[in-house]
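Student: Here is how the chains run, residue by residue.
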Amino acid sequence: MAREIQGMVEKRGAGLWLTHVFMILGVLVIFFPIWLAFVASTVTQADIVRPPMPVWPGDQFWINYKNALFSGINVPVATMLFNSLVMAIGIAVGKIVISLLSAFAIVYFRFPGRNVFFWMIFLTLMLPVEVRIVPTFEVVAGFGMLNSYSGLIFPLIASATATFLFRQFFLTIPDELAEAARVDGARPMRFFWDIVVPMSRTNIAALFVILFIYGWNQYLWPLLITTDPEMNTIVMGIKQMFPTGDDFAHWPTIMATSILAMIPPVIVVVGMQRLFIRGLVDSEK
Amino acid sequence: MEKRVTFRGWALPLLLIAPQVLISAVFFFYPAGQAIWQSFFIPDPFGLTSQFVGLGNFEFLLGDKFYRASFLTTAVFSILVTLCSMIPALFLAVMADRLIKGSGVYRTLLIWPYAVAPAVAGVLWLFMFNTRVGVISWYLGKLGYDWNHVLNGGEAMGLVVVASAWGRISYNFLFFFAALQAVPRSVIEAAAIDGARFWRRFWTIVLPLLSPTTFFLLVVNIVYAFFETFGVIHTITAGGPQQSTTVLVYKVFSDGFVGQDLGSSSAQSVVLLIVVGLLTVIQFKFIEKRVHY
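Heads up: the sequence lines are chains A and B, in that order.
All residue numbers for the first sequence refer to our numbering, where the first residue is 8 and numbers rise by one.
All residue numbers for the second sequence refer to our numbering, where the first residue is 1016 and numbers rise by one.
Excised from the complex, chain B in its bound form:
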């Protein structure tokens, strides 16, 4: 889409666009280019020279069992976070939608956690499940279950999933609720006259009508789980135990900054870049046309 009416001149628009182009070039294109460039080299231990290795870093990554494990961890983590944040949100949104009065109050109460930073959410959940002072771990202990996410990889994963999904419930709730409110009343009423009960109407009419929103949220939540949960993982488990919660973004950080392995870290950045690219394509291809509010 283009404007018919435009202003003349070219110096002014170039001046107007300059700040953004400059900032993008310095803090985006140059670093992104560097990441791609460095992924073809291995620097020597003193960082003085680098040796060109072609796709060597990538070959090494694919052969590295820790990296492959991190891929699997990321997949499990993202799917769990997406499910744990979408299903409760949908349930609450359906409940709120049934209310004629008061749904606004519940909405106000439910959007709170969205404002809580992932890293802070991590601290809150860590506190509840802390092995020495945590309330929930203490009660679990009373029930005979010995909770220890510091040693048990499965429990560590469970904890970071719940802490990451928690704030997202608010976000998904808002979108589901808005979508539910947009479902035409007349359709629902027609089904009701035909004798369809609530859950039948939900499965056969409401849920299909929600599918654009659901699909949109699916992609957005996966992107969130990939890229925005670093704070949760860093505060709760720092990727452990035995790398059982080291997702891809965490590994870029730990290899690049803690391990100082720049070649590998850059190659990992490039892999993530491809992943982001794919997700963006999916998002644009399927969502642009189909989601309307």
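Next up, chain A with everything else stripped away, as it sits in the complex:
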């Protein structure tokens, strides 16, 4: 009986094949831009400027990537990769640390001004950096933080998503644990390190994945505050590789850089798929 019903619900035979065909077509269409970029990063400039360009990879892979990584156009791409890495990790770690601490304070203590601080943090949920861009730029310039890692990182960790996530999670930790810790005479920070942080492991990891990608993919902010090419991040640096005026862009180098810019976040997303999906669902809820 169950099998027959299943047969009515799930497709078999021709319908099943058709479903696979649709899925494969969808994957191919979605992959096409990435494939083309990869092909362009393995051929010569001459192959590209005489359209149509080839659709299969050429033999210039090592030359193009070596050229991009170690000489680049304005600055070696290796430098930009390093800057992006520092920025993405800085944002992820920074946001997780300050959020863990403040969520712990809000959930496990009653202190003067708690509600005021809570609402203060809540308000920061609402305003993306794109909206307050001009005055934030002035603040950062005033601190002399243009062209610095702290200038890249700090303004982007001023948001409350992570704090909320941790608060929600801490509220689900059984009260008995805190009670037991108190009876045993454990100090609050001891409870934090020995119970709360280990219990939040999965949430921390999931959030790290999401925040890493958020940080890595930032564009407008690095564009504004890194005027020195040495401080460019890779995602914003690609646009700087295009010549002004009518010259031909050096597409193989640009496309090799685009591929390099994708690799770290793709590794994170695909490699930590479970955590990534969990983080996505948690942080948007």
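Simulated from the structure, these hints should not be mistaken for laboratory data.
Just so it is clear, the structure is predicted and the values come from calculations on it, not from any experiment.
Even glycine gets a Cβ: it sits at the ideal position worked out from N, Cα and C.
Careful, some of the hints might be misleading.
Said to hold, decoys possible - Just so you have them, the derived chain B footprint on chain A, three or more residues with Cβ under 8 Å:
1) 23-37
2) 95-108
3) 158-167
4) 180-193
Please build the complex by placing chain B on the supplied structure of chain A, with the hints as guidance.
Tutor: Only chain B this time, still in chain A's reference frame:
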């Protein structure tokens, strides 16, 4: 919801919360306050003094035909991006949900583009449609269609929409797929026994059950189209041609940093602030209670 068991003391919690409060104050509240404050002033050309103009900047904005055009552009852009990213995602999710085996493989393949930064996506699509070397524009040319998004505003809009929607398909796919997997099997089977075919079951049972997810994605995608597509527009069209792809966030940037018109840019920030506020209210009011995974 509150904890029953708490720790005593007030110095420690204040110390714990200090880093976040400090960072929020310096990099969030002060700049946001500045944006609101500056929106009531017009600085002189040398930036030495500013003159209080009350709501003058706002009046000017509302009367400015470029700003009104930018509102319309943003509306068209957001709706198109939302539709172009949600419909294919729903279709793929429905297909993947029909498979008993292999849907995990497709999921892995489909989440890739989410990791690609909007600005990088912009470069990829620019490359395909580049007027001189683009593959697709070249083939379109062979077919007799002269593609030129540098001059044609409609084509420019189409290109930034597709480039912005592309990575979002992954995101929407994940949510739709998760929601579809959560639809109770027994309901579907009951309908199947009653003789409802696949598409009928989809329209009358599955789609209504998906409505919380759909609504959630609708809001999230509009927010994305508003605020996170700057990279795509900046790399592909830089707001042109003739401002045909200048969305509101792009205009804040181009008036504030390129045009150095701080009063107007701040007033625009305040308008966006109101828009974000409204979207947040909608999100909380309708979604908080209704979306469950």
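Student: Please go over all the hints and tell whether each is borne out by the structure.
Tutor: Here is what the structure says about each hint:
1. 23-37: With 8 residues close enough to chain B, the hint holds.
2. 95-108: holds (count 4)
3. 158-167: holds (count 6)
4. 180-193: holds (count 4)
In this structure, every one of the numbered hints holds.
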